[in-house]
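Given chain A, work out where chain B should sit, using these hints.
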Amino acid sequence: MDDFLLQTNEITKDFKNIRAVDHIDLKLKKGEIYGLIGRNGAGKTTLLRMLAGLAQPTEGSYSLLGLSGKKIARLRDRVGVLIEAPGLFCSMTAMQNMKVKAMALGLKEDDYLKQLLDSVGLSSTDKRPVGDYSLGMKQRLGIAMALVGHPDLLLLDEPINGLDPEGIIEIRKLLDKLSEEQNITILISSHILEELSKTATRFGIINRGRLISEFTREELFSECRQFMEVRTEDMGSASTLIEGMGIRDYKIVDKTTIKIYERLDETGSVISELEKNGVKVISVDMGRRSLEEYYISLVDQDDRVTAGR
Amino acid sequence: MTDFLKTRLYIHIHSRYAKVFLAFSAVWCIGFLLTMLGVGPDKRPISSAYGLWRFMDFYFSVLPVAVAYWYSDLISNRFADNIPFGSDHKLSISGLLFALLMNLVSAGGFLLYGNIMFLIPNKAVVYHNDLFTMFTLSMVYLAASFVRCILVVFLIELIKSRLWGAIFGIMCSSGLSYELILSLETMFLIATGAGSSSFPLAHSTAYMMVVTLMPGRDASDQWVVRELQVDIPVLLLRMFLYFTVATMLTLILIRRRDRK
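These protein sequences, in sequence, are chains A and B.
Residue numbers for the first sequence follow the numbering used here, so the first one is 1 and each next one is one higher.
Residue numbers for the second sequence follow the numbering used here, so the first one is 1 and each next one is one higher.
These are calculated hints, taken from the structure and not from any lab test.
C-beta: ideal position from N, C-alpha, C; glycine also.
There may be inaccurate statements among the hints.
What the hints assert, rightly or not - Label-pair ranges, simulated between beta-carbon atoms:
| # | chain 1 | residue 1 | chain 2 | residue 2 | range |
| --- | --- | --- | --- | --- | --- |
| 1 | A | 31 | B | 61 | 53 to 59 Å |
| 2 | B | 101 | A | 27 | 43 to 49 Å |
| 3 | A | 300 | B | 61 | 55 to 61 Å |
| 4 | A | 221 | B | 101 | 29 to 35 Å |
| 5 | B | 26 | A | 31 | 53 to 59 Å |
| 6 | B | 252 | A | 124 | 39 to 45 Å |
| 7 | B | 247 | A | 293 | 54 to 60 Å |
| 8 | B | 3 | A | 61 | 25 to 31 Å |
| 9 | A | 90 | B | 101 | 20 to 26 Å |
| 10 | B | 2 | A | 110 | 17 to 23 Å |
| 11 | B | 61 | A | 124 | 37 to 43 Å |
| 12 | A | 61 | B | 101 | 34 to 40 Å |
| 13 | B | 3 | A | 254 | 58 to 64 Å |
As the list claims (entries may be wrong) - One-sided and incomplete, this derived list gives chain B residues near chain A with beta-carbon spacing under 7 Å:
| # | residue |
| --- | --- |
| 14 | 3 |
| 15 | 6 |
| 16 | 79 |
Bound-form chain A, shown alone (with noise of 0.2 Å):
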């Protein structure tokens, strides 16, 4: 248990008679960037709400650096939390936002609370009041209010939610700043995997409030790189054949289909091969699976799935 930052424990939470979260088991490691990906409405935020005390779980449990049940409420200052709007004071400063969040902690560090704004880009000198700031200054400065209290842990519920591409592009920099420079751990959520692809180590993928599946970015792209679909009527023989011809990445899709990962550039050679042994080839396509195309072919798959129930 103690291998993990954080670690929760069939976590569950209702509301009424919907289930938001269901037994969800999830394990972070210190300094990797956790891309938590699923629709509106799949218990994103609920579980982000638990997990930075904000809500209490209706079934389960969870462990934060070692510590679990009431005394996580100890940890106030080693969790950074922007749960889908950063609650700013519209009339005040950027600096004034900063030392009520820092006095909210209890704390009283003037040149960190500097240090923090000058490291999201923002001025401590800045005398307009932040309702005059644009959207992504105002996620940069929740970004900020959230490090308040040097946090090991950041929360971070759709920060990109509304932002344009320079928005987008200045908080996926800060993060993979952040977890370089202070080794701090992020949990992100958002519904565009292809985003987060690009700041997250590790990815899970939430649907009806149940973690359907876990991947790490190299599984990812694994997943989403080019292929050659070959089809047969004959699996097992072919199967056979192209392990006798060398090729150790491919994927049996089902009982037609098999995609290969390897050679791609000899394809004429590898169907010739097949066909020569008496295996009867269907057809045979290219092709890239995108991002979003296999995060929406797991979840249908975890719909058909629920569905057949």
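Relative to the frame of chain A, chain B by itself:
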């Protein structure tokens, strides 16, 4: 708890709400004083007790809105959503304490200013009530401000809306809730066939508790009140019970929300 109280004070000092409240209060205080000195349009002679009642009317009118901000400053903009483990009851209780403290300071300030104002020789006050009456009246107003304060906090917690808490608070302050409850009470009495009620609910509203204090019908001159018209100990006891029950109910609501 201390950290939350300091935070709330810092936010309030730097917020525009405090500036608006202070600006409006200053206009009222200066305007009232000038009226008293005889340069205003209202030159009717009054007693000091009646004058204080008229002066405090402004504070009671703006109190629901002020309380809504004092209580909800950390919650309304979702700031509290970003304080980890911040939904514990301490955050809400700090709001309650802050609202009560701010009310103590503000109501105390208004009462002090009001009492001093009536000591200045002026063209309006024709009858000066004795010090004991003025002190008693001040204490009743202070208690009344706490009653209205806790009522607004309770309504905000009950309705889960700062806006509607303030609106219903204003209704209570302006007497609208009194009229509404009185109508419901009358309907109830007619429906049940009862001729009269021994415990008129409408008269227990925060508005009526203070209004009945100052009937202002003294002989031929209705603006001169020589003595307070109600049983003060009973009135204070009713206010104390009102405050205690409303505080307990508010704390129950805070605790219930905390468990979710």
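To see whether the hints hold, each was checked on the structure:
1. 31/A x 61/B: 53 to 59 Å: Between residue 31/A and residue 61/B, where Cβ atoms are some 57 Å apart, the hint holds.
2. 101/B x 27/A: 43 to 49 Å: holds, 45 Å
3. 300/A x 61/B: 55 to 61 Å: holds, 59 Å
4. 221/A x 101/B: 29 to 35 Å: violated, 58 Å
5. 26/B x 31/A: 53 to 59 Å: holds, 55 Å
6. 252/B x 124/A: 39 to 45 Å: Holds: the Cβ-Cβ distance is about 43 Å, inside 39 to 45 Å.
7. 247/B x 293/A: 54 to 60 Å: holds, 58 Å
8. 3/B x 61/A: 25 to 31 Å: This hint holds: roughly 27 Å between Cβ atoms.
9. 90/A x 101/B: 20 to 26 Å: Since residue 90/A and residue 101/B have Cβ atoms about 25 Å apart, the given range 20 to 26 Å holds.
10. 2/B x 110/A: 17 to 23 Å: holds, 19 Å
11. 61/B x 124/A: 37 to 43 Å: Given about 40 Å between the Cβ atoms, the range holds.
12. 61/A x 101/B: 34 to 40 Å: For residue 61/A and residue 101/B the Cβ distance comes to about 38 Å; the hint holds.
13. 3/B x 254/A: 58 to 64 Å: holds, 60 Å
14. 3: Holds, about 4 Å.
15. 6: holds, 5 Å
16. 79: holds, 4 Å
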